[in-house]
Amino acid sequence: MTNIAIDLPDDIDEGTWKEKGRVGGVRLEHEGRQYTLTFYDSVRLQQDAQSDVELNGYFLEPNAVVVRSIDRRHIEEAIRALVDKGWHRMLLPEKNAE
1 MTNIAIDLPD DIDEGTWKEK GRVGGVRLEH EGRQYTLTFY DSVRLQQDAQ
51 SDVELNGYFL EPNAVVVRSI DRRHIEEAIR ALVDKGWHRM LLPEKNAE
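Read left to right, the sequence shown gives residues 1 to 98 (the numbering used here).
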């Protein structure tokens with residue numbers, strides 16, 4: 001098992017996460033690097049992407065991950081899979097404050 005730390009926002013409950021279809025501020029720490037992730041369900045991603053494209057001409061969200069359902073289990077499973085498969089290397093790490 002790969003050593004990772006996952007920190008989910010505690011300012012909102014899972015029922016609200018599912019209702020909104022999005023949760024940001026999910027923190028991953030692995031191999032001395034920290035990442036801030038945003039999780040979407042497919043419906044909310046489509047809505048946000050369409051809105052941004054209409055407004056700005058493009059949609060971009062670094063470190064966005066789409067999961068089946070916005071809940072603790074699916075988020076943690078996705079993070080573990082990203083790390084186990086090496087996909088975390090595609091994420092943008094936080095800049096170290098030095």
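Some clues are possibly wrong.
[Said to hold, decoys possible] Simulated pairs of lysine to aspartate or glutamate, EDC-like, Cα-Cα distance not exceeding 16 Å:
id: 1; residue 1: Lys18; residue 2: Glu61
id: 2; residue 1: Lys18; residue 2: Asp71
id: 3; residue 1: Lys95; residue 2: Asp41
id: 4; residue 1: Lys20; residue 2: Asp71
id: 5; residue 1: Lys95; residue 2: Asp48
id: 6; residue 1: Lys20; residue 2: Asp41
id: 7; residue 1: Lys18; residue 2: Glu54
id: 8; residue 1: Lys20; residue 2: Asp48
id: 9; residue 1: Lys85; residue 2: Glu31
If you are wondering where the hints come from, they were derived from the structure by calculation, not from laboratory data.
Hints violated by the structure (listed by number, smallest first): 1, 3, 5 and 7
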